[in-house]
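Q: Given these sequences and hints, build the entire structure.
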Amino acid sequence: MADENSTPHKRGPLKSSVGSAAVQRRRDHAVTVRKERREALMRTKRLCRVGVSSDDADVPVDADMATDEEQSVLEDQTVKSMEELNLAIAYQGKGAMQKRVNALRELRRLLSKSEYPPVEAALKAGAMPTLVQCLSFGSPDEQLLETAWCLTNIAAGKPEETKALLPALPLLIAHMGEKSSLPVAEQCAWALGNVAGEGEELRDVLLSQGALQPLARMMLPNKGSTGHAKAATELIRIDGVLDAILRHLKRGDEELATEVAWVVVYLTALSNVATSMLAKSDLLQILVDRLASSNSLELLIPVLRSLGNLVAGDSYVTDNVLVAGNEVTVRVIQVMIKCLSSEHRVLKKESAWALSNVAAGSVEHKKLIHSSGAVSILIRLLSTSPFDIRKEVAYVLGNLCVAPSESGRPVLIVDHLVSLVGGGCLSGFADLVRSADIEAARLGLQFLELVLRGMPNGEGPKLVEAEDGIEAMERFQFHENEELRSMANQLVDKYFGEDYGLDA
Amino acid sequence: MAMEVTQILLSAQSVDSTVRKHAEENLKQFQEQNLPAFLLSLSVELANEEKPVDSRKLAGLVLKNALDAKEQHRKYEFVQRWLSLDVSVKSQIKACLLQTLSSTAIDARSTASQVIAKVAGIELPQKQWPELVGSLLSNVHQVPPHVKQATIETLGYLCEEVAPEVIDQDQVNKILTAVVQGMNANEANIEVRLASTRALYNALGFAQANFSNDMERDYIMRVVCEATLSPEVKIRQAAYECLVSIGSTYYEKLAPYIQDIFNITSKAVRDDEEPVALQAIEFWSSICDEEIDILDDYGGDFTADSDVPCYYFIKQALPALVPLLLETLLKQEEDQDQDEGAWNLAMAGGTCLGLVARTVGDDIVPPVMPFIEENITKGDWRQREAATYAFGSILEGPSPDKLTPIVNVALGFMLTALTKDPNSHVKDTTAWTLGRIFEFLHGSSVETPIITPANCQQIITVLLQSMKDAPNVAEKACGALYFLAQGYEDVGPTSPLTPYFQEIVQSLLNVTHREDAGESRLRTAAYETLNEVVRSSTEETARLVVELVQVIMTELHKTLEAQKLSSDEREKQTELQGLLCGCLQVIIQKLGASDPTKYALLQFADQIMNLLLRVFACRNATVHEEAMLSIGALAYATGLNFAKYMPDFYKYLEMGLQNFEEYQVCAVTVGVVGDICRALEDKVLAYCDGIMTQLLKDLSSNQLHRSVKPPIFSCFGDIALAIGENFEKYLMYAMPMLQSAAELSAHTSGADDEMIEYTNSLRNGILEAYSGIFQGFKNSPKTQLLIPYAPHILQFLDSIYIEKDMDDIVMKTAIGVLGDLADTLGSNAGALIRESLSSKDFLNECLSSDDHLIKESAEWARLAINRAISV
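Residue numbers (UniProt numbering), protein chains in the order written: chain Y, 1 to 504; chain W, 1 to 871.
One or more hints might be untrue.
Computed list of lysine-lysine pairs in PhoX-like fashion (alpha-carbon distance at most 25 Å, straight line) [unchecked claim]: (1) Y/K250 / W/K644; (2) W/K331 / Y/K10; (3) Y/K10 / W/K644; (4) Y/K250 / W/K683.
Heads up, incomplete: computed chain W residues facing chain Y, CB under 7 Å, no partners named [stated by the list, open to error]: (5) G350; (6) G479; (7) D595.
FRET-style restraints, in silico, Cβ to Cβ [claimed, not checked]: (8) Y/I438 / W/D851: 39 to 47 Å; (9) Y/P140 / W/L613: 53 to 61 Å; (10) W/D86 / Y/H29: 49 to 57 Å; (11) Y/K494 / W/D595: 40 to 48 Å; (12) W/D168 / Y/G95: 53 to 61 Å; (13) W/T622 / Y/V33: 17 to 25 Å.
Keep in mind the hints are simulated off the structure, nothing from the lab.
Where a beta carbon is used, it is the ideal one built from N, C-alpha and C, also for glycine.
A: This is how it looks when you write it as structure tokens:
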């Protein structure tokens, strides 16, 4: 310490070697990378919203058990909560905002409560105009978020319920804009994703209202995170879009991947060109990897839907990528099984839909699915799940039993049919025949036809009769839909005509 | 009670190592067996005029070392040990020490001064030894000069050891009076004047009140300025050191004196001996430091709340200061470029010129340009070098608009000089200047590029050529290439360096193989430049980077195969291994960042890991640090697959966590645990018992360097995020640690800036741990285990909010914790949250923050809270 020659102010020379500063900079960089990764992980965990999965731990998971009585209680609550919401909107005093948010939250919770969300009751109670009002510009984020969340749940309902969202679309699109906070924009994207999934007509509406732009913009700078900033830069250079999408989807943290997956949902839903470009990339592989590795519902939904869109939208995928014998084909089926076995109705429905498109492929595809573990799950779902899922499942099972042929008339795959019927799927199809939904009824009838025609040793009619199939078909005797009517009548005449029972 | 220790102390300084070791052993035993007697014996020895100076001096040093240590925990231990000694022993020791101040042996006196200051440093804050300062001062005027010298020296050391608030103003006044009078020209004894001047240097921190009083300040300043004119060079040097310290401590009081100071400093710079001239330049450098800080605080808009106004001393002095500094540039020493520790007038002058440029910006250019133009083509190398150095010095500070046109003209000239100038100093400085050009005027943020398709090839050719020049020139050429590459780090998919990539890499590898690469830190520069070239490269050259992996692995392999090395060679090997590991770290990061290249990299993962494991087996701290950084990068690249390396790697991880002594290794290892957690997720569970045990041990140890604590806490969070509810079994250990650290870090009152900064990093670590634990447990049935901790955590948030001294990072993390708590505990914590201050005032403050990161966290926290309290 008492060094006689100490020069207390010796400073480093301006002209110094690059080495030491560079070493320090490199180490600091490693620390920065670590911090960024920690923050990214934390952000993902935080955004992993529990609402859709188990917002209320006290609600029984096994909602299939919900009785009619419970359902009507739920509907009453929904009507009440709509009244509350309307009151809250009319109220102008102190804490008005909080009242609105609370009412919206209650409604959202009801709408996500069971496997049979009271969407119809909400719509009947005038939910749509009220919710559109709640989306008005300048509303606080929380209100927007809850509203968009309500709309997401409504859009997940039946087709006509999804269509009810039409008046809300322009505002949902607007709130995906760059001025919105990320949770709001994400929720809006989710709601629109449900709309776009519904069909051609709604997709055209979305396109004409300019939904694609703000979706792309969602990848724009996410408040300082360099990964997102880079994602944006690359997206803007149109050349790199595809590449960026694939890269971020593959490498990004779950949050980023979720955003990108929604963009893919849109691209595959809205644009054939994009779908075909994506189909030729290794997107499918990436989607499958994500489906296999993630358990985040937020991420799984758009990824699964992208996969479905891809398989449905471009025959290239089924013809060239999902070739039987390719490892990826096997893995697609595995992840589908994972999703079908999931607790979440959305995952079940989406995966059944995607699988139905695979099942519509070649005989090889059908064999592959048939020999997988999917069949037993599908058969169970056909009898236990909510109607919309049942319908998707019916498509899969139906597709498994027929193969396309040169002549146009499908060829029956007898051993598949036998094993499915043996597995107990017939009652599910017979139920569908009784459905008011034309499409479902047609599916049911078509399957009954296969059974009647195809089961060996003429067992078909007996089996159908055992499931009250005759009664179900006779319902169509005077049905207004001509196609169904004649189909049902022909079947009854052909297999249960005057001769039926005589030779038994 | 005192024992005869003379012989042992003399033996302890013997040239015969056996004798020496034996004596040291004896001293150690004595100390352990009877500390009071040991210390007393030493003080008696020190005080005894009959004893040889050597044994007295060593007695004093051993005594001093028993009172103070560098390591915080040992220092604390020593302080406690002294305080618990018997009062009568301490009195006797202190009496001996004071008595020694009158010794005729200067070494004994000086040693006693230092020991007294150490004892004072322990006792005065405890309100013990209150009579010390008084007794030192009482006889300062009536004693022989040598006693006066020792007394004043003691006062100086005392001021160095003790914090200003410990001594009351009355005593401060007396100390300053004694010291300043001792400096006065009336003081006949030179040693007294020198001791006084040096004592003032330490006492300046105590003179706050005195510098606020015009009369007293005038007086002190006059005496200091007079002392700068003393015939004694040591006094002049010490006086300038005082002036430098005044310049930074009392900048705002300097205006009345600045003209005089300029006059005396310029005379000193021009005519005085080098040590004095260097301090005179240092005065202006430190004024630049002050003004740069102040102007930084202004931050462009002048409404900011800087406490101190800028007096623009540098700007005012510019017309005279710049020529003064330019003159110094011509006073180079031969061979200064080969000597790493060199510090002379020219170097100090150039360094100061660089600071002036940063202080005044564009205004530096006009007064410097004529000097450059006049000298840059002269026949004398000193003139050419000085001109180039002047140019290089002013490249940071002025605007690109001002500099770019000049640089565009100069660039061609520089490139020619670097190839053709006959003098190595000139080439050295030219290459350095090119590096400065690329550092400050080249990059994605610069509007008008300096490097264009027209000159890029020439620049690179010249730099690569210069890498074959003398080691010091080659090192600077590497530096220039380093900044050139860095400027392209955000260049996008196509880099202008792509066509040259292979050639550049090969040239740099050649440099690392030069026989003389050990000189001028050339090898380090070459590897770090290689790293920067790789880091800034694009996918166009990814294939070449993949090839480089194999080259670097081969090099590393070679260092591991070498056998029977001399200790000198081993040291070189070790340094080389460190550089190669650093290189691997950068390459892994680079290739790991995109998928196609990651797959290319992963085929080497096993081999890389094997090499790194062998490096760890070599047991050298620096290399461990670098190898750990590579491991961290590899863990991200391999993800879950890193699991297969864990069985072999784990022991080194544990070893790193146990390495208190080389705390940087410990800190880096703690960081790597976090990397591995993120890579392995719940697969890390199998190793968590060991890791947590080690981390908890680290935290409980008082030997651990404090800087490692915050990362350890953050690491708790990383682990909890990875293993989720499995963290349950560690809660009962981790939570109390976090809680007590939180209590300690809640309040900072009275701490200095450095302490506040540390406290904030500690808080951040604690908060990151809480966030990780909450988010880890989210959605698990075990969340209720966290409920008992919630009140304390909320209280912690409230108290740091009330303290009002957290930085932005802590604010962001803290409000995030509030959200995490609400998110995970939900309605279970609803009432608690509602009651907390944090959920209202703190949250609102964060919501209206200008910092978007804070705002984002706060918005999320609000959502989470609303969800929690509405359920």
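Q: Evaluate each hint against the coordinates.
A: Comparing the hints with the structure gives:
1. Y/K250 / W/K644: 23 Å, holds
2. W/K331 / Y/K10: 18 Å, holds
3. Y/K10 / W/K644: Given that 25 Å is the threshold and the Cα spacing comes to 50 Å, the pair is violated.
4. Y/K250 / W/K683: Roughly 21 Å separates the two Cα atoms, so the pair holds.
5. G350: This hint holds: W/G350 lies near chain Y, its Cβ roughly 6 Å from the closest one there, short of 7 Å.
6. G479: Holds, about 3 Å.
7. D595: Holds, about 6 Å.
8. Y/I438 / W/D851: 39 to 47 Å: Cβ of Y/I438 to Cβ of W/D851: about 58 Å, so the range 39 to 47 Å is violated.
9. Y/P140 / W/L613: 53 to 61 Å: Holds, since Y/P140 and W/L613 (Cβ atoms, about 56 Å apart) stay within the stated range.
10. W/D86 / Y/H29: 49 to 57 Å: 55 Å, holds
11. Y/K494 / W/D595: 40 to 48 Å: 58 Å, violated
12. W/D168 / Y/G95: 53 to 61 Å: The hinted range 53 to 61 Å holds for W/D168 and Y/G95, with Cβ atoms some 57 Å apart.
13. W/T622 / Y/V33: 17 to 25 Å: 21 Å, holds
In summary, the structure is inconsistent with hints 3, 8 and 11 from the numbered list given earlier, while agreeing with the others.
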